[in-house]
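Generate coordinates for the entire structure from the input sequences, incorporating the hints supplied.
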Amino acid sequence: MERVPVLKIGDILLVSIQLDMEDQTALQLQEDLADRIVATGCHGVIIDITALDIVDSFVGRMLSTIAAISKVLDAETVVVGMRPAVAITLVELGLSLNGIRTALNVERGMELIAASREETDDWAVDLDEADPGQAATST
Amino acid sequence: MALDAAQGSRLAGLLGDHAEQIVKRWADSVAVSLRGRLSQAELQSQVRELHRALLVALEGDGRELHAESAGELRAVLSELSRSRARRGFTATETAVSVFALKDIVLETMSAGGGAEQNLRDFVAYSALIDQLGLFTFESYAKAREELIADQAEQLLELSTPVVKLWEGVVAVPLVGTLDSARAQVVMERLLQTLVDTGSPYAIIDITGVPAVDTQVAQHILKTVVAARLMGADCIISGIRPQIAQTIVALGIEFGDIATKASLADALRHVLKLTGVDAARRNARRES
Amino acid sequence: MTAGLGLGRPQTQAIVGDEDVVRVRQLVRTVAVAAKLSLVDQTKLVTAASELARNTLVYGGGGQVEVTTVDNGRRQGVRIVFTDSGPGIPDLELALTDGYTTGGGLGLGLSGARRLVDEFDIQTAVGQGTRITVTKWSR
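Residue numbers (the working numbering), protein chains in the order written: chain A, 1 to 139; chain B, 1 to 287; chain C, 1 to 139.
Think of the hints as simulated: they come from the structure by calculation, not from any bench.
Given the structure is predicted, the values throughout are model-derived calculations rather than measurements.
Take the hints with a grain of salt, since some may be wrong.
As the list claims (entries may be wrong) - If you want the footprint, here are the derived chain B segments under chain A, 3+ residues with CB under 8 Å:
{"#": "1", "region": "185-196"}
{"#": "2", "region": "229-236"}
What the hints assert, rightly or not - Which residues of chain A face chain B? A partial, calculated answer using Cβ under 8 Å:
{"#": "3", "residue": "A87"}
{"#": "4", "residue": "L90"}
{"#": "5", "residue": "L97"}
Said to hold, decoys possible - Label pairs and their calculated CB-CB ranges:
{"#": "6", "chain 1": "C", "residue 1": "D118", "chain 2": "B", "residue 2": "Q40", "range": "56 to 64 Å"}
{"#": "7", "chain 1": "C", "residue 1": "G8", "chain 2": "B", "residue 2": "G251", "range": "37 to 45 Å"}
{"#": "8", "chain 1": "C", "residue 1": "G73", "chain 2": "B", "residue 2": "D179", "range": "19 to 27 Å"}
{"#": "9", "chain 1": "C", "residue 1": "G62", "chain 2": "A", "residue 2": "P5", "range": "28 to 36 Å"}
{"#": "10", "chain 1": "C", "residue 1": "R75", "chain 2": "B", "residue 2": "P241", "range": "35 to 43 Å"}
{"#": "11", "chain 1": "B", "residue 1": "Q192", "chain 2": "C", "residue 2": "R75", "range": "23 to 31 Å"}
{"#": "12", "chain 1": "C", "residue 1": "V16", "chain 2": "B", "residue 2": "P210", "range": "50 to 58 Å"}
{"#": "13", "chain 1": "A", "residue 1": "K8", "chain 2": "B", "residue 2": "Q192", "range": "31 to 39 Å"}
{"#": "14", "chain 1": "C", "residue 1": "G73", "chain 2": "A", "residue 2": "D11", "range": "54 to 62 Å"}
{"#": "15", "chain 1": "A", "residue 1": "S116", "chain 2": "C", "residue 2": "D118", "range": "36 to 44 Å"}
The beta carbon of each residue, even a glycine, is placed where N, CA and C say it ideally should be.
This is the structure we're talking about:
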């Protein structure tokens, strides 16, 4: 069985699915990703499906599961590069990929993750400012 | 129907010996039937080429139109038919260009005198020319069919342009009646354009659509959902009052899809979305 | 069926393991391209085939698929027949309902596949197996 490689780029894990996956490969990817998120502490996962010429309910379910797992592990998942024919077919199939964020391409996906991380970062700044220890030293 | 070898070489001789005269008379005769819609020079060169190709065919084994050495003749004939068809000449006007040769050959032959053998020859030549004429007719019809198919495709393209309105914003202004097939084509093209241009926003403007039935509305809705799956947002603009009534009467759920009164409103809406995003991000970076 | 239906040479593929689902997808894609189906129709048919092949494997305990080009005089198309000798489907109506599943999937296999093709026929008998025939015509 082949494995789908998971690349780490900065704070993001990039998965580019290049092959017609067997169901086992998809399940393996699910596991691999969960492990890598924890091991790297990354906060973003981009799954590039540009090369996939179909997404059936099994792969659809895998994508939803990955999104849900990464959310629990404090990482945001964005699925990018879905082909028009695949999207049209998914709509007909009745698969809505609830809970998954999507973007047109890897670049847009990275922007999306960056934007949502910024919102979290703002919180971090606010917390720093509200830090009583710091407040004490500055007065 | 085909010429025998002797007849072939006699016709070749006839065409070769009186080349200049035949080409001139031929061109003149065709010019009359086309009533000056092709220039004299162009006609001359067409006829000359035809004459030459016919000679080549006859001098080879081309006493049948389907023979190998008649390849060039067939090419010249179909090219002639094609150009006539594209320029709007009728089938008759096209075939006449070939049939005119009959009269010229008869003239030239009777000028040379002769009797019974000439008659038999002429019947044979005539049959060959008929073959050429029919071939022109076929090529003409084929060229016209291609023309019609091309135009149908162009029409579809014309009626379904996907235009870029702004960086990251594309629009399809839909005009005319949408049947299910056309709606499908438009929507597929829209989705492809989103990918090609990397635009996260699409505006579907239906100002020019007189009526929407359930099927077409379903196509539009499915496209919006498909675009979302791909990571793009669609806004529908220009919904006329009657169409709004139809949509409600048919019980079609537009759900949380953004709808705007006009294309301008839709663009403003999108720019506000992207503008606000960008401004907010810049503000953060500065702070 | 329509009288005078032209049939191409059928191509068969056994479905006994995970990797066969991938093979079925590839076989159907090849035949769909040969039958000049549009890209969207190819995608819909391959997706339907993927769902049904997985059903044959998971619920039917394996079986086989037969892919044929068909021609009804006006249009070309592709016909796929899935056969298994598994337990059969006791309640067909229920099995064809969106969201109904016994195998832990999304329950879109049968109902979704039916929406993706032009003709859908299912014959099943409890304890004897299931035979599903789908056809997609070129536009």
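So, going through the hints one by one against the coordinates:
Coverage of a stretch by a chain is defined here by at least three residues with a beta carbon nearer than 8 Å to that chain's beta carbons; for the region 185-196 of chain B and chain A the count is 6, and the condition holds. Residues of the region 229-236 of chain B lying with their CB closer than 8 Å to a CB of chain A number 4, which satisfies the three-residue condition for coverage. A distance limit of 8 Å between C-beta atoms decides the matter here; for A/A87 the minimum to chain B is near 4 Å, and the interface restraint holds. Residue-level restraint check for A/L90 holds (minimum Cβ-Cβ distance to chain B is 6 Å; threshold 8 Å).
The restraint placing A/L97 at the interface with chain B holds, with a minimum CB-CB distance near 6 Å, inside the 8 Å limit. Range check, C/D118 to B/Q40: Cβ separation about 58 Å, and the 56 to 64 Å hint holds. Distance hint check for C/G8 and B/G251: the Cβ-Cβ separation is about 43 Å, which falls inside the suggested range of 37 to 45 Å. For the hinted restraint 19 to 27 Å between C/G73 and B/D179, the CB-CB distance of approximately 24 Å keeps it satisfied.
For C/G62 and A/P5, the hinted distance range of 28 to 36 Å is satisfied, since their beta carbons lie about 31 Å from each other. At about 40 Å, the beta-carbon gap between C/R75 and B/P241 stays in the expected band of 35 to 43 Å. For the pair B/Q192 and C/R75, the supplied restraint of 23 to 31 Å holds, since their beta-carbon distance comes to about 24 Å. A beta carbon spacing of about 56 Å between C/V16 and B/P210 agrees with the range 50 to 58 Å that was offered as a hint.
In this structure, A/K8 and B/Q192 meet the distance hint of 31 to 39 Å, their C-beta atoms being roughly 32 Å apart. A hinted range of 54 to 62 Å holds for the C-beta pair C/G73 and A/D11, which are about 60 Å apart. Restraint check, A/S116 to C/D118: a C-beta distance of roughly 42 Å satisfies the suggested window 36 to 44 Å.
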